[in-house]
Amino acid sequence: MVTMMSRLKRIGLPRLIVHASVLFIVLLWLMPTVGIFVSALRDKDQLAVSGWWTALATAEQTEAVRLGAPESQTQEGTTFVISGNVFEDGAAKTIIAFGTRVQEPGAFPVGEVADIGDGETLLVNADGSYRYTSPTAFEGSRGKRIYLTATTPPQFTFDNYRTVLNAEGIGRSFINSLTVTIPATIIPILIAAFAAYALSWMAFPGRTLIIALVVGLIVVPLQMSLIPLLRMYNEIGNFFGVPSKTYAGIWLAHTAFGMPLAIYLLRNYIVGLPKEIIESARVDGASDFEIFVKIVLPLSFPALASFAIFQFLWVWNDLLVAMVFLGTSKDQLVLTGSLNALLGSRGGNWEILTASAFITIIVPLLVFFSLQRYLVRGLLAGSVKGG
Amino acid sequence: MAYQIFLAVAVMALGVLACAGYFWLSNKALDLVFPVGDDDVAIASRNLARRAVIRPWLFLGPAVILLAVYLIYPVVATFILSFYDRTGNQYVGLSNYTWAFSDREFRESIFNNILWLAVVPAACTFLGLVIAVLTDRIWWGNIAKSLVFMPMAISFVGASVIWKFIYDYRGEGETQIGILNAIIQFFGGDPQVWIAMPFWNNFFLMVILIWIQTGFAMVILSAALRGIPEETIEAAVIDGASGWQIFWKIMVPQIWGTIAVVWTTITILVLKVFDIVLTMTNGQWNSMVLANLMFNWMFRGGGDAGRSAAIAVIIMIAVMPIMIWNVRRARREVGGH
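Protein chains in written order, with the working numbering: chain A, 74 to 460; chain B, 8 to 344.
Hints listed in this document are in silico derivations from the structure and should not be mistaken for laboratory results.
Computed from a predicted model, the values in this text were never measured in an experiment.
Not the full set, but computed from the structure, chain B residues with beta-carbon under 8 Å of chain A:
| id | residue |
| --- | --- |
| 1 | V23 |
| 2 | L73 |
| 3 | F281 |
Here a beta-carbon is modelled for each residue, glycine too, at the ideal position from N, C-alpha and C.
Work the whole structure out from these sequences, hints included.
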């Protein structure tokens, strides 16, 4: 206690408050995501009736079961007996009490023979096995209804994932998302890097104008582009008799929409490369194409990586562009689109929604945690774009 | 499944190769058309000069074409379309704009957008600044930052599912599985259908964007805070300034520029907010915003290009001041080189 106090004194109360408040903020920020991670792994029946924060606790619930039908009775001397197990499939539940009336589901403790009136006795054990006796023969066609108070241990399962990956089409959407994202990340890097080099190290009229234009275009709302492009795509589709919603179409759209930021970020980096390297290569007779491919491209790796992460996250997470430029059929619906559709059709099925959401966000999260360094660098270099 | 993956990979490879091929071949072609042999110096130097004139445009070509087709042309076309009727054939003057300002839903959207603009950038910047300052003072600050930054990688749709689960509502007396209502019920309050409460639901949607964007503000502001010269703070400490005074009078004024960048960046994002509203409420219960209204009119009743375009133009006008500010700022930087 004394050492604890002296240590507290050394840390100082304000410092402790800083630690505590940061911890609070971090937990607050993590809580929403943890909620769906946990829920996606829970048994769907448990998920529907208890909060995810109770996932590790043993759930206590009341349920009604029927004992065996009178036709299964046996006679032992003068008493008639029905015995068996109330859990047909050997569920992993533990009964703590039972009763014969719905108002009193915990009237009798388990493991003891209870007198339930009319000379009848009932013994229910914790594992669900029971023995029901009566001095007279049981009659009727259905078994007696009794009520149980049972505890269920936490149940975790991958069933939710199996369901969404196959039955709900999330697996297919995952591949569609990859098909959209990978080219829509690589193509703009190539195109923008060439443009950024030209804007940095080549002299030509109109250079400053193009740079200003690029900066201006970074913030142009996507909404301004949608209507004319939708019309253009439809017209081209009609004219050539091809579908207007294609993967090539969305690649070009994403490439173009990411282009201003890409050129801006890469130019900022490439223009800062040492002048001597490029000039000496020129003196040695290297063409601009060679300089670009052999010198500038390898040196610009950090900037290329930053932009690649940006573009990857932006394309993978995009919903609007995909809604406009891709169809809603199974072979074109991307993850965000599927998730949006599920929110409409499976609004209350949280086991479906949480598992689908997890699959949707896991790839960007992995990219984020493994390449965070580059992402931060890119943000710092290009914080003029609004998404 | 294997066939789908194969097809996807093949198509991807084709797209990327076509792009790389263009640059390689066009440069090769330029060198062939204007050869620089050593037989005639005059021709060689003339060809060299011609190459120098043309090559920048080979490098810039695809980028400029893409920008022109996907951004510049559509901006002009949308502006023109906003003066035409639903089909885009009949000139109607300003009537799309007069319609907009008399439309209840449009005014509701403008009101909500202003609400978003007033709350989200301020909240993100403030929280980001506070977290940046706090995390810079502890040894596990980088881990904390990383975790607060994480939602940045999550899509708006994914975030909406995450938060819809938090806001989930079950009837009174039932076990709440949404944590917000569970907390309310724990303290004896009545559970609410949070996203269906007119006016207040806006704030529940804003929380999602704040949750995503605070990390962005924090990262940028934290870098700016580290750039503050130590001497200025030491001098203030020697002069006997309190921690609070140092923060507000020494640190914040030195990072005003960065705060402005963060603020404007988030402002633009807010003006374009679409996914969150679409997935959470789709504009029901008075939560409509401009971007969603614009999208709805694109398809509503067969689509009304004129009205939709007019709404897009209004979003564009709202973005304009920031755009001009950015261009000016960038020009100053370019001029410095």
